[in-house]
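Participant: In order, the protein sequence lines correspond to chains L and D.
Take 1 as the starting number for the first sequence in my numbering and just add one per residue.
Take 1 as the starting number for the second sequence in my numbering and just add one per residue.
Quick caveat, the hints were computed from the structure, so don't treat them as lab data.
All C-beta atoms in this analysis are idealised placements derived from N, C-alpha and C, irrespective of residue type, glycine included.
Mixed in with the good hints, there may be bad ones.
[Said to hold, decoys possible] If you want a taste of the chain D side facing chain L, the calculated C-beta under 8 Å gives, among others:
#1 Asn40
#2 Leu42
#3 Leu170
#4 Phe236
#5 Val269
#6 Leu353
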Amino acid sequence: MVFGRSTLRLSLYAALITVLLALSNLFVAFESRTVLTVVKDAAGEVVFAGLSFSQLSLYIALVAAGFVAARQIATRGVLSALVNGVIAGLIVGAGLALLIVFTEAVDVRFVFRNFQPLSRSALYLGQADAGAAITALLILSAVLGGVGGLMTQLSARVGRVVLGGISALAIFGVLQSQIDKVMTLSDAVTLALAFGGAYFAVRVSNTHNVRTRLLIGVGVGFGIALIMAGLAAFTGMERGTILRGAGSLEPTLLNLPLQGAFHVGVFALILMLVGAAGAVARDAGRLLHDGAWYLIAITLMLGVLSSQRGFSPITAGVVVAIMCAVLWILPPIAGTPNAQGVGTTSSATSRRTLYLLGLVILLALPGFIGLSLSNTLNLMMIYIIMGVGMNVMIGYAGLLDLGYVASFAIGAYTTGLLTTPSMITCGGITPDEIKNGGLIVSEVCTGLLTFWEAWPIAILVSAFVGMGLGVPVLRLRGDYLAIVTLGFGEIINRLVNSSTFKPLLGGPQGINNIPVPTLNLSFINPAWNSQLASSNEIYYLFLFTVAVGVLVVLRLANTRLGRAWRALRDDEDVAEATGIHLVGAKLLAFGISSAFSGMGGALFGASLQGIYPNSFTLNVSIFVLCLVIVGGMGSIPAVFVGAFVLIGFPEVARELQDYRLLAFGVLLVVAMLSKPEGILPPRPPKLSEHARPKTAPAAGD
Amino acid sequence: MLKSIPIAGRLRFGNDPVQTFLYMAGGALLLFFAFIAVRNTLTGAYGIDDFLQGIVLGLAQGSIYALIALGYTLVYGVLMMINFAHSEVFMGGAYIGFFAINAFHESGFLAENTLVALLITMAIGMLASVILAVLLERIAYRPLRNAPRLVPLITAIGASITLQQIFLRLFGGGTRSYPVVSLCIGGTLQGTTCEGGIDIMQGRYQVEVFGGEIVIRPLYFVIFFIALILMAALWFFVQRTKVGKAMRAVAEDKNTAALMGVNVDRVIVLTFVLGALMAGAAAVLFALYNRQVSPFMGFTPGVKAFTAAVLGGIGNVPGAMAGGVLLGVIESAAPQMLGLPSQLEDVVAFGVLVLILIFRPTGIFGEVLAKKKA
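Make a model of the complete structure from these sequences and hints.
Facilitator: Shown next as structure tokens:
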């Protein structure tokens, strides 16, 4: 039998989901959000009608329906996959067609408030009347369903490439208006040449000595630098401005026009580092190796995007091709060691080289991404700090905290209270009166403490409150902790919002005029005294905090305390029986994670220069939980990936924010159902020498 | 430690510093509250009429909490997990109930046959809740039956957010209001006023007691009695029917129950269905009384109902009933007694939760719960 039994059920699910999405107005709301721009020829005739995000999501839904339905019977051959895919697509198409017919006849706007007439939606496929639209829709859904069905017959590698291409198209299509002009094409190509050249040069040379490889890499990088500098000198082009944002008008950090020996030197150094990283990437473990390649791919894609206006099909084609090429090069994910030898060895030198490159990139980031992206980056940093702390709770110790926002708020409000000029510190006059008198508040009086003095206090206060909250539930199971913390998060929100504390905490208006941190190094150089006011500058404070936080947590993982946490996560009774002091370990977990959250809160308040109760809702806790869970509980790199995917992406793609929480909810459920360990699960802990079996060969590490 | 912990043992100080500290801190807090309450009563800021008013209000509010709490407690008893999405099951019932009653209102059926329309609305709300709960169990919880504890908990949170957001995306963000319903008993309805009888839906009556005046709405008693009937039915079902017996067996020990020929999966679905029936009824009652529904309406009653379940002893059916009513009374009487602003009303429920967790984690009606369970 060609027809799979599960096809009907799965396609009905898919149809139901698609119809619900249509009712929630997905296919109308994003019609104006272009993924591919309209192309016109010289005569002004439309050659390509463009692609909106609504259309893209419709196509993806249809292909996905075909794919999911046909995957169940993927072993039965091509014909069967095609038939089942077509049937699944048709069922989804029929569901949508019924919806069109139904909504033409009945006004559903009272019940479905977000709904707008479908005649303006992607479902009409550009057709004017419903009949033609339904015919077109059914044909399209059969075709796309069939395509989805056929996709199940691709080999794993090809499948990955196709999937990656589609994702690249969707992601860059959505983001393109925000992220062009980040990097010039020549820079991107130069960087990719240095990395790729070194990577393949090492493969050809077939050396196994890390030092030789590094030398080759540095040589390749230097060579490329020479060639590029030469080209720039000959052609007189000013565009060889590596790491200089074409979008940001005044690059603040590494403004490196190719003039003068010093700048050429820095340019060459950067390329040498990139080359060295490329040369040793194969020895640095799968994660770093693949990560580096993805980074190069993204660099190239950004370069391509910046060289073009809009996202035309040609640009899109190049972007997708780059993504596909990189995915093709990368060895398959399943199974760490493989035929090409990537990831079989991992040397410390190689890893350090790549880490160094990562550090340089992080330091240079604000220099070329521009202010609005910088803000997003800072927000991501705050969530990373909180995520790292949450990881201690949930990843290490297995305690679920749903009131994480409470310590975040406590940190923010403590800093706000201590550093903001108030009636007490201004000699009996309120800051508002000073402002009305035409003076600038910060020049007349300061807060009780500076940010640097208030920060540790805020961290300590958050830590102690966190511990205090943990005490009543110490003896109970984790579920109680979840609900108590959930309640506590709400309580904090109510308290800061309430009129009882209005004189102190400002009620719904919150605390304004929080001064920005001032970096006063005038004892070294009188000129070094600046306010970290812009998001580019405060980014370095965030980066420093994240670095310290990550170091602390990484070091903690393998201490006695870290092992105690893991033990009590796995089984409390056994942990207690082995002599672990449960109360102490749990309280320290509460305290440390709350300290991180408070640290982030303090930075949050100081960087925004104002805090409002509305910033401290349950959603914050949910976001942090999500990014830890989706990335992988207990793993630190996962927090970065989680923050990037869950905070950074929706923050840039503003229109999609309406669907953000919905996506998070679904993601939590799906992650738990299909991959409870997350995208990047933590490595199993290293055993000490004593614990390792003596006879067995040491595990490859 | 599978034995119950006797009271005397729990009050022994000294061998456990954390417990001692907790008792002292909690005791101090209680004494402080008692002091304020006594002072407010003595100065006349809080009188017996206020207390009665609190009780009357609290009984209605509390019986709604009790109905929701039953859902938490039943699922906890059987699966030992907090069904975080239960508050969304409740919300769904109220929302679908709104569409039903609104349709009746527009068609005039509500005005003609008020009682029947209200009953149908309630049935529809219950049905919607049941559908949501069954879907939830099938999609989100069943595959995780044997997963580590944290996994279903996180799934439940995810399911809760998902349901909330689906309702938000589909039905829009604003609140919607139930239509004004008047049900006149013993008189005739003239416009919106009930001549010569009692309007049990909309009526407000001033009653003089102990020299003070309190406002009584017959709706409070209607809610209380409907809740009482439902709870009695549930109690009968769990205690007296064969299926109820199977349910109790599964709660006791799933594997042994399966060996005795109980279909565990079916019993678990039934547990969700029972909880959802109660939640759906509570939702429609809640909406008739508060009149507003929104996708986020489930959160606060949900947390409070959970508190009620813990108060009565989680996993314990009569405990959840009593806990709900008790919490309702405390919540409506305490803020005024302590002189707190009404904004901080919700803080009270949370305070109660923390105090119970300190003094008696097994709940007031401390059914003997193994340490593993509590």
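Participant: It remains to establish, for every hint, whether it holds in the given structure.
Facilitator: Now for the hints, and whether the structure bears them out:
1. Asn40: With a minimum Cβ separation of about 16 Å from chain L (threshold 8 Å), the hint on Asn40 of chain D is violated.
2. Leu42: At 23 Å from the nearest chain L Cβ, Leu42 of chain D fails the 8 Å test, so the hint is violated.
3. Leu170: Because about 5 Å separates Leu170 of chain D from the closest Cβ in chain L, which is inside the 8 Å limit, the hint holds.
4. Phe236: violated (29 Å)
5. Val269: violated (18 Å)
6. Leu353: Holds, because the Cβ-Cβ distance from Leu353 of chain D to chain L comes to roughly 6 Å (cut-off 8 Å).
Checked against the numbered hints given earlier, this structure breaks hints 1, 2, 4, 5; the rest are met.
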